[in-house]
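Numbers 1 to 513, taken from the numbering used here, label the letters of the sequence shown in order.
None of these hints come from the bench; they were simulated from the model.
Hints are all accurate, no fakes.
In silico BS3-like links for lysine-lysine, alpha-carbon gap of 25 Å or less:
#: 1; residue 1: 91; residue 2: 388
#: 2; residue 1: 395; residue 2: 299
#: 3; residue 1: 91; residue 2: 141
#: 4; residue 1: 183; residue 2: 49
#: 5; residue 1: 479; residue 2: 428
#: 6; residue 1: 479; residue 2: 507
#: 7; residue 1: 91; residue 2: 137
#: 8; residue 1: 507; residue 2: 428
#: 9; residue 1: 299; residue 2: 479
#: 10; residue 1: 395; residue 2: 91
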Amino acid sequence: MKSSERSVSVWEATRVQRDFPPLVGDATADVCVVGAGIAGMTVAYMLAKAGKRVVVLDDNAVGGGETGQTTAHLASAQDDYLHVLETIHGKDGARLAYQSHHAAIDTIERIVATERLDADFRRVDGYWFLSPGDDRKLLEKERDAAHRAGATDAEILERAPGAPFDTGPVLRFPRQGQFHVLKYLEGLTCCLERDGAHIHTGNHVESVEGGDRPRVSGQGFSVTADSVVICTNSPISDRFAIHTKQAPYRTYVVGARIPAGSMAPMLLWDTQEPGYHYIRTHPAEAGFDWLIVGGEDDKTGHHDDADERYARLEAWTRERFPVQGFELRWSGQVMEPMDYMGFIGHDPGGYENVYIATGDSGQGMTHGTIAGILITDLVLGRPNEWEKLYDPGRKTLSVDSAMEFLHENLDVGVKLTELIPGVGTDAKSAEEVAPGTGAIVQRGLTKVAVYRDEGGAVHECVANCTHLGCIVHWNSEEKSWDCPCHGSRFSPDGQAVLNGPAPFGLKPYAEGE
1 MKSSERSVSV
11 WEATRVQRDF
21 PPLVGDATAD
31 VCVVGAGIAG
41 MTVAYMLAKA
51 GKRVVVLDDN
61 AVGGGETGQT
71 TAHLASAQDD
81 YLHVLETIHG
91 KDGARLAYQS
101 HHAAIDTIER
111 IVATERLDAD
121 FRRVDGYWFL
131 SPGDDRKLLE
141 KERDAAHRAG
151 ATDAEILERA
161 PGAPFDTGPV
171 LRFPRQGQFH
181 VLKYLEGLTC
191 CLERDGAHIH
201 TGNHVESVEG
211 GDRPRVSGQG
221 FSVTADSVVI
231 CTNSPISDRF
241 AIHTKQAPYR
251 TYVVGARIPA
261 GSMAPMLLWD
271 TQEPGYHYIR
281 THPAEAGFDW
291 LIVGGEDDKT
301 GHHDDADERY
311 ARLEAWTRER
321 FPVQGFELRW
331 SGQVMEPMDY
341 MGFIGHDPGG
351 YENVYIATGD
361 SGQGMTHGTI
371 AGILITDLVL
381 GRPNEWEKLY
391 DPGRKTLSVD
401 SAMEFLHENL
411 DVGVKLTELI
421 PGVGTDAKSA
431 EEVAPGTGAI
441 VQRGLTKVAV
451 YRDEGGAVHE
461 CVANCTHLGC
471 IVHWNSEEKS
481 WDCPCHGSRF
491 SPDGQAVLNG
501 PAPFGLKPYA
511 EGE
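Please model the complete structure; the sequences and the hints are all you need to start from.
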């Protein structure tokens, strides 16, 4: 099968989540969780276990958003390196980062064991290996920082044992983890039902109000609660406060068959910058395993070149692994915080009793679990030493984070120049748009997002993102309209929001606007 024939993750290919009836009318709860991915479902599970009446809302299926696009690495080793975190957050901050991710893996393992979940969880070692041109001193620097952070068992080996290619020297982090994320969420779903929580899919939240009794609402429904938790990849609860402090990136993944047992179970990461490679296996049918390789990251909405990125991933993989054929490809969106730490805690936009979890920085499975632990403590009024590190309202004073802030927000400024008539258009008229594709067309002072479906029908929307008005771009691989400023994504016809922070679909275009 050609990889272009499928665009689903290995989890979706082997497990389909069930839907729940949408909420109709008004409801009350102790806690309303918006978002049914790893963060939302973990928060809901822990609060329901604590005796809270919980309502979970999502406009998609459980795990149907970015959680279903993960490669499901469970790592206390940090994507952005512990020695980098030391320079920005100090030695204490790096220690707490390592400690919290380590605790997240332990928590997933404990939940799997105590709830007897069929989630394919296993402990595996993780290895950083050098990209061409990188020096062994980088591994030594990270090892020393890891030791200071508490990972005293991190060690340098001359190669990764069990890898099917010569990795060269590696930094080993023992007892990392991997699992099947949708099986895990299916297990949490059953636990939530057992504990009296209510899960509703097909509910698109359009408004979040803070206060003594915060409220979320959408077309035909509302929930009033003591606390609201927003776990929607990018928060939908405010327009500005968090979105200048993180940037959206797409990351690309290919799945290939390899002979069963040809690679020992492990996590691998190289040191390539930008867009490092990350690798793991997952058992499949008798006789072969899935090899899952990701990388080639790019800022959302900036380049419509997914086929080239997949081709580079496949070429890189063929050089190192005994692939029997690529059958899966997919991409996902990650939010990169300017200071490399997630945002988990009180909403910084001033919404009382509203909490958020975002800024996964490529480690969404452990960040989502950290959110479950930390937000549960905040809601229940318990102290947690991670609170300050992950505080969404924090101001990080470092040269590195300041430069990253300026770089990403200057990029947003550049993209705003596309509001100028004639800048950033793809076609002169709708007639140029082929079936199954989209393009931006200038009509007077208005830019129009034109999509022609496979049947030839044309769908036209005003191309301004409904978050802050940036011009969306066509994503031919995902068949979506993507905002290059803050990562909102829309369906081909523009009517459905696929990713926040946009609250609504694109405005239908009317002649003469």
